[in-house]
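Residue numbers (this note's numbering), protein chains in the order written: chain A, 9 to 313; chain B, 3 to 303.
There's no promise every hint is true.
Which chain B residues stay away from chain A? Per the calculated CB distances, all over 10 Å, these [stated by the list, open to error]:
| id | residue |
| --- | --- |
| 1 | 161 |
| 2 | 204 |
| 3 | 235 |
| 4 | 282 |
| 5 | 292 |
Below are the DSS-like pairs computed for lysine-lysine, each with C-alpha atoms no more than 25 Å apart in a straight line [as the list claims (entries may be wrong)]:
| id | chain 1 | residue 1 | chain 2 | residue 2 |
| --- | --- | --- | --- | --- |
| 6 | A | 117 | B | 127 |
| 7 | B | 290 | A | 33 |
| 8 | A | 247 | A | 90 |
Since the hints were derived computationally from the structure, they do not count as laboratory data. Positions of the beta carbon are idealized from the N, C-alpha and C atoms, including for glycine.
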Amino acid sequence: MTVTSEPPSRSGKRPAKLFKNWMAKLASLPMILTALVVFVGGTAWTVTYSFTGSRMLPKTDWVGFDQYERLWSTDRWIISIKNLGIYGGCSMILTLVIGFSLAACLDRKIRFESAFRSIFLYPFALSFVVTGLVWQWILNPDFGLQSVVRGWGWESFTFNPLNDPNTVIYGLLIAGLWQGTGLIMCIMLAGLRGIDEDIWKAARVDGIGTVKTYVMIIIPMMRPVFITALVLIASGIIKLYDLVVAQTGGGPGLSSEVPAKYVIEYMFRAQNLGQGFAASTMMLCSVVIILIPWAYLEFGGRKRG
Amino acid sequence: MADISTNTAQGPRGPKPKKAFSRANIFLYGTLIVVSMYYLLPLYVMIVTSLKGMPEIRMGNVFGPPMEITFQPWVKAWSEACTGINCDGLSRGFGNSVRILIPSVLLSIAIASVNGYALSNWKFKGSETFFTILIIGAFIPYQTMLYPIVIMLREIGLMGSIGGLVLVHTVFGMPILTLLFRNYFASIPEELFKAARVDGAGFWQIYFQIMMPMALPIFVVAIILQVTGIWNDFLFGVIYTKPSTYPMTVQLNNIVNSVQGVKEYNVNMAATLLTGLVPLVIYFASGKLFVRGIAAGAVKG
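Using the sequences and the hints given, assemble the complete structure.
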């Protein structure tokens with residue numbers, strides 16, 4: 009246990025020998041392996057094999073962009089992308105709006121604040137499977153919300169999103185918002201708490217109304233919080249899978265398919281690995297497109313290691 | 003003067019004395035209560051449905067309280083509900099989930115805390131690069147790494163076993179946990195570490211005798227984060243295990259969405275509630291620490 013090195017070695021400049029700090033290196037081995045083998049290696053492997061005609065087992069018969077051409081001419085993929093677009097757009101806007109509004113309400117120095125916060129946040133502790141199954145039951149046309157309202161005497165009331173191909177994605181949205189808005193509310197609330205009380209006083213003195221103060225002053229000040237929230241929402245949207253499997257199973261027909269589900273179906277059910285790899289590479293591309301501007305905004309301004 | 007300033011800080015403008023129920027306040031509380039109902043409704047529906055008998059459910063009104071409380075659905079969901087040919091209920095999935103959960107939580111936290119400690123106190127050449135890769139890795143869709151991991155697990159003979167899933171959870175929990183621990187250890191005054199070094203303490207000695215005891219709150223946060231995350235996992239469970247080792251979430255989905263047989267909604271809701279119970283209990287028991295855990299996902303390195 010005699011490690012020969014200088015204390016908190018900020019020794020980037022010095023020619024570090026391989027065995028200096030060897031215990032720290034040994035202890036970091038799991039992290040290094042995870043980063044290099046699983047994250048970099050695994051991703052590179054998938055991207056590489058997306059250019060092959062692999063079916064049941066991965067093999068190296070190069071087919072160029074064939075898999076991608078096939079992917080973009082498959083209806084199921086197009087539907088998946090459209091669904092993700094609708095779900096993603098609505099979810100992003102609504103989560104931000106609801107999350108911020110709830111946080112603003114809770115920030116008005118109200119009573120029972122922590123009780124309300126617990127209520128808004130508890131769905132986040134539940135899994136997407138549980139979320140999907142509960143909402144599947146509530147939206148059940150024969151016994152759920154629709155039948156209850158009809159039972160109250162409004163016979164023509166129709167609210168059956170899960171069985172209509174055109175509206176099924178909004179049924180998913182109701183469940184997704186229920187599960188995810190609490191988190192964003194929490195982050196927004198933390199952001200609001202970070203705002204100086206004097207800002208409010210100054211706004212009062214100038215006679216600016218509450219809503220206007222929020223829109224014109226507070227929200228622009230909370231830009232970093234909004235960006236963090238957006239990144240969190242976006243990475244959650246792309247991963248959308250469990251909720252769909254549990255709530256609709258992709259149905260009716262193919263009308264609520266999403267890309268993550270497409271990938272898994274092709275890799276593990278349809279025995280068409282090449283398609284799965286190509287689709288997952290497209291998912292990776294979309295993340296890169298979201299991530300690069302964020303990284304630029306976040307780290308581009310203040311250069312640091 | 004002080005009086006005015008406290009008044010302007012919260013209430014409506016002007017010298018009017020603050021009333022407990024101003025119009026704005028009624029509107030505010032009204033909104034919050036209505037929204038709360040949307041959030042509470044599913045939990046309520048789950049509970050009342052799981053306590054009703056099937057005849058009562060067929061009469062309609064999911065929102066009505068049960069006229070006759072029965073615990074039969076709970077018993078059935080726990081020990082008799084069927085997935086395919088197996089009819090031993092959710093208890094098997096519960097057992098599997100526990101057997102997955104405990105080693106995953108321990109292993110992932112042990113590795114991540116040591117990583118975070120090494121990253122903040124024992125920096126070596128390239129350590130920051132590996133950490134950056136790790137953090138970027140947290141944003142890569144899991145789908146791109148699923149199949150290579152299948153191959154790796156097959157190579158080491160762990161595909162389909164609980165051990166394999168434990169490894170997968172450890173790997174994917176690593177970015178966020180390492181970040182959590184790194185930030186925490188970086189906030190501990192450096193003098194403490196230096197003093198220990200001067201006294202001749204080594205890597206592990208400092209970790210076990212100084213850093214770990216100081217980091218207990220962050221260990222609790224990490225445990226909460228991992229227990230809820232791993233318990234709620236569906237994707238890894240469905241891919242890296244086989245039917246006999248399916249975790250609870252996967253088994254729940256198979257029970258509720260199975261196409262055979264008559265749908266027993268009360269049993270389904272009891273099963274759903276049972277699966278959600280562990281994270282719910284953790285959530286309500288941990289309170290502020292849970293918020294801290296999820297906020298850790300929002301802080302940037």
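Q: Verify the proposed pairing of residue 117/A with residue 127/B, using a straight-line Cα cut of 25 Å.
A: violated, 49 Å
Q) Is the nearest Cβ of chain A still more than 10 Å from the Cβ of residue 204/B? A) Residue 204/B is in fact no farther than 10 Å from some Cβ atom of chain A, at 4 Å.
**Q.** Exclusion check [residue 282/B not at the chain A interface, CB over 10 Å]
**A.** violated, 6 Å
Q) Is it the case that residue 161/B keeps its Cβ farther than 10 Å from each residue Cβ in chain A? A) Label holds. Min Cβ-Cβ 12 Å, cutoff 10 Å.
Q | Straight-line alpha-carbon gap residue 247/A to residue 90/A, limit 25 Å | A | It holds: about 15 Å lies between the C-alpha atoms, which stays within 25 Å.
Q.
Does residue 292/B clear chain A by more than 10 Å, comparing its Cβ with all Cβ atoms of that chain?
A. Violated: least Cβ distance 7 Å, not greater than 10 Å.
**Q.** Check on residue 235/B being off the interface with chain A, judged by Cβ distance over 10 Å
**A.** Incorrect as stated: the minimum Cβ-Cβ distance to chain A is 8 Å, not above 10 Å.
Q.
Need the status of pair residue 290/B, residue 33/A: alpha-carbon distance at most 25 Å?
A. violated, 35 Å
In summary, the numbered hints that this structure violates are 2, 3, 4, 5, 6, 7.
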